[in-house]
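Anchor point for the sequence shown: position 61 equals 141 in this note's numbering, and the numbering is continuous, going up by one each time.
Hints were generated in silico from the structure; no laboratory data involved. Worth double-checking, as some hints may not be accurate.
[Unchecked claim] Computed cross-link-like contacts, DMTMM-like style, restricted to lysine to aspartate or glutamate with a CA-CA straight-line distance of at most 25 Å:
{"id": "1", "residue 1": "Lys85", "residue 2": "Glu144"}
{"id": "2", "residue 1": "Lys85", "residue 2": "Asp137"}
{"id": "3", "residue 1": "Lys85", "residue 2": "Asp134"}
Here the structure is a predicted model, which is why all the values come from computation and not from measurement.
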Amino acid sequence: MRSSKICFHNISAPAGGGLSEYRVVATTTNRDELRTLVGIEDIAALIIDLDVEDSLDIVVQMLEIRSQMAVIGVTGSDDV
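When you get a sec, could you build the whole thing from the sequences and use the hints?
See the structure below:
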């Protein structure tokens, strides 16, 4: 079975095999890394920390590169 590629941005990838249908291809920490990865890999989903400054701008930019990519936003703020 072919696994779909996912990328975590400013979030640690989970340990273990809880995402058996997916393969984590990278965990990025800056926009340039992410832009390069999304441009060269067929990323099925981006999991991004929405608490990071400019995270929504990053999402828009990545969707301009790969419009069919799913985006999952994660937040851990107490003030949400």
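A quick look at each hint next to the structure:
A C-alpha spacing of about 18 Å is found between Lys85 and Glu144, which places the hinted pair at or below 25 Å, so the restraint holds. Distance restraint check for Lys85 and Asp137: the Cα-Cα separation of roughly 22 Å lies within the 25 Å cut-off, and the hinted pair is therefore satisfied. Between Lys85 and Asp134, the direct Cα distance comes to roughly 24 Å. Compliance with the 25 Å bound is thereby established for this hinted pair.
The structure is consistent with each of the numbered hints, conforming to all of them.
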